[in-house]
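A.B. asks: In case you want the letters, here they are:
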Amino acid sequence: MSDTVSRRTVMKGAGATLGAAAFAHAMAPLTEWSKDLSVGEFLQKHYKELTRDEMGRILVHLKEETKRKYGRDVDIRDLPPQEGVSFGYALNLSVCIGCRKCSEACHQENNHDRRTGNSYIRVLEMQQGSLDLEHGNANYDHPVPAEGKYYLPVQCHQCDNAPCVKVCPVQATWKEADGVVVVDYNWCIGCRYCEAACPYHARRFNWAKPEIPAEEINPDQGYLSNRIRPQGVVEKCTFCLHRTRAGRLPACLEACPTGARVFGNLLDPKSPIRWVLENKRVFVLKEELGTRPRFFYFFDK
Amino acid sequence: MMRPALAALLLAVVGCGKDQPARFQPPPGAPTGRETLLQPAKLTSVESDRKDALGRPLRVSCESCHSLRETKPMPSRPEELKEFHQGLQFRHGELACTSCHQAEAPRTLHLATGEPLPMTEVVTLCAQCHGPQYRDFKAGAHGGMTGYWDLSRGDRTRNNCVSCHDPHTPKYAGGHPVMPPRDPSAHGEPGTKESRDHE
Ligand code: SF4
Ligand code: SF4
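Heads up: the protein sequence lines correspond to chains A and B, in order.
Residue numbering for the first sequence follows numbering that gives the first Met the number 0, starting at 0 and increasing by one per position.
Residue numbering for the second sequence follows numbering that gives the first Met the number 0, starting at 0 and increasing by one per position.
Among the clues, some could well be false.
Stated by the list, open to error - With a Cα cut of at most 30 angstroms, we get these calculated DSSO-like pairs of lysine-lysine: (1) B:LYS137 to A:LYS269; (2) A:LYS300 to B:LYS50; (3) B:LYS170 to B:LYS81; (4) A:LYS174 to A:LYS62; (5) A:LYS165 to A:LYS148; (6) A:LYS208 to A:LYS165; (7) A:LYS300 to B:LYS170; (8) A:LYS47 to A:LYS174; (9) A:LYS165 to A:LYS300; (10) B:LYS170 to B:LYS137; (11) A:LYS148 to B:LYS170; (12) B:LYS170 to A:LYS279; (13) A:LYS279 to B:LYS137; (14) A:LYS148 to B:LYS137.
Worth flagging that the hints you see were computed from the coordinates, not collected in a lab.
Source: prediction; values computed, not measured.
Start from the sequences, fold in the hints, and give me the full structure.
C.D. replies: Written out as structure tokens, the structure is:
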């Protein structure tokens with residue numbers, strides 16, 4: 000769909016060709032999965048076309064909805080990318096012990112479904128000497144670090160040449176000016192093309208309405224990040240943009256007990272992330288695919 | 000060994016470093032653009048054989064005992080230590096107690112040159128032998144931190160060497176991972192029953 004044709008126009012057009020009854024029938028599956036979606040949200044303009052006023056109204060609506068559905072007052076903001084900031088993340092595989100504290104922090108920070116124990120970070124237990132992601136085991140449950148293993152946490156790499164963005168038929172996912180690849184959950188139609196296209200298994204589909212006890216909900220929320228996702232949409236790591244765009248460190252970095260994680264502004268020559276890129280031997284996963292990740296790995300020796 | 004009642008009285012409950020990261024830490028204070036080095040309790044306390052409700056060892060502040068009695072000169076080997084210090088694990092190369100502590104004032108350190116160094120300057124002490132780690136630390140690429148990556152908008156707190164490493168047994172211990180794997184049928188991840196039902 001081109002930028003100028005809104006989803007609304009297409010729906011109207013489809014209605015005219017099909018006839019009202021047929022249209023209703025054809026749209027039935029959509030109304031099924033979009034039970035949670037209000038008319039206002041359904042007819043909403045694309046994120047990039049929204050004025051500040053329109054966004055303001057949407058945020059008010061989303062806050063009310065969270066209160067109604069989850070019994071919790073939350074603050075949902077739409078922080079824009081910062082001028083002169085381009086995010087990068089690096090992870091030291093020599094010190095990561097696979098404790099999964101980062102996954103847990105992600106789970107809590109981003110209001111993930113408690114039932115499935117979802118998290119944007121999967122920590123793979125890897126055979127020393129191997130870099131074959133498909134043989135990594137994310138389901139280990141024994142003391143770490145285990146003999147002969149190393150640990151490879153994988154989350155969204157915010158690829159500069161992102162396959163997930165290219166395949167989205169409705170442009171519900173795109174790359175922002177600070178390098179973060181985002182999803183507009185109100186615009187996503189849940190086709191899961193992006194999930195299939197991502198070579199790092201970094202996207203998740205929300206099969207059910209997330210279950211989170213009111214007192215466990217993180218009230219500091221972003222429209223494009225950790226607000227509670229509706230059922231039937233795809234979601235992913237956003238480098239905690241509701242925190243990082245306010246200048247704070249990502250939750251997974253703060254939770255890491257070994258200091259394996261380094262985050263910062265790639266455009267700032269004095270930042271730790273730049274120091275790592277300039278002084279360590281750094282690599283990216285599946286470089287041969289040309290995705291150009293901005294998530295880097297390094298070893299101390 | 001000290002009488003249990005007295006020991007219990009002397010137990011000072013102090014958290015250690017980042018062992019328990021706070022959930023949803025509120026943005027720390029008003030921005031002043033400062034970077035603060037965490038001064039962990041490990042600098043001024045020893046582990047007791049008691050555990051708190053979360054199973055972490057309770058620590059006893061040095062002052063609990065040493066404000067009541069005079070400190071004896073430090074022995075060269077840890078086996079010669081008495082009472083509370085007996086349980087001290089020691090796995091740090093060939094070092095003797097007096098390699099780092101001043102024999103006559105065990106609660107202060109000394110540099111390789113013999114120059115005295117307060118306990119709080121532990122980073123300077125460690126840096127003498129661990130150059131590459133110190134270089135990485137200075138660059139912000141070794142040791143955990145919390146707060147702001149953008150110092151113009153808020154403060155940052157950084158770990159000190161002993162926030163993570165016990166100076167007497169510096170190898171990071173590890174432990175059992177959190178977030179245990181779920182029943183795969185609850186995942187809704189590719190290849191599980193829930194996702195197949197939908198495909
Ligand atoms: S890691 Fe996957 S989800 Fe993230 S930008 Fe790259 S392709 Fe997209
Ligand atoms: S919290 Fe740190 S040490 Fe633990 S698995 Fe994550 S990156 Fe590795």
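A.B. asks: Each hint should be assessed against the structure and marked as holding or not.
C.D. replies: Now for the hints, and whether the structure bears them out:
At roughly 12 angstroms between alpha-carbon atoms, B:LYS137 and A:LYS269 fall within 30 angstroms of each other, so this suggested pair holds. Simply put, A:LYS300 and B:LYS50 have alpha-carbon atoms about 37 angstroms apart, too far for the 30 angstroms limit, and the pair is violated. At most 30 angstroms may separate the alpha-carbon atoms for a hinted pair to count; B:LYS170 and B:LYS81 meet this at roughly 24 angstroms. For a cut-off of 30 angstroms, the pair hint linking A:LYS174 to A:LYS62 stands: about 25 angstroms separates their Cα positions.
Of the pairs offered as hints, the one joining A:LYS165 and A:LYS148 is violated, with about 35 angstroms between alpha carbons and a cut-off of 30 angstroms exceeded. Straight-line distance between C-alpha atoms of A:LYS208 and A:LYS165 comes to about 27 angstroms, which keeps the hinted pair within the 30 angstroms bound. Restraint check for A:LYS300 and B:LYS170: the C-alpha separation of about 17 angstroms stays at or below 30 angstroms, so the hint holds. For the hint pairing A:LYS47 with A:LYS174, the CA-to-CA distance comes to about 12 angstroms; that is within 30 angstroms, so the pair holds.
The hinted pair formed by A:LYS165 and A:LYS300 fails the criterion: a straight-line CA distance of about 37 angstroms is larger than 30 angstroms. A threshold of 30 angstroms between alpha carbons decides the hint, and for B:LYS170 with B:LYS137 the separation of about 20 angstroms falls inside it, so the pair holds. A threshold of 30 angstroms between alpha carbons decides the hint, and for A:LYS148 with B:LYS170 the separation of about 17 angstroms falls inside it, so the pair holds. At roughly 22 angstroms between alpha-carbon atoms, B:LYS170 and A:LYS279 fall within 30 angstroms of each other, so this suggested pair holds.
For a cut-off of 30 angstroms, the pair hint linking A:LYS279 to B:LYS137 stands: about 14 angstroms separates their Cα positions. Restraint check for A:LYS148 and B:LYS137: the C-alpha separation of about 29 angstroms stays at or below 30 angstroms, so the hint holds.
Checked against the numbered hints listed earlier, the structure breaks hints 2, 5, 9; every other hint is satisfied.
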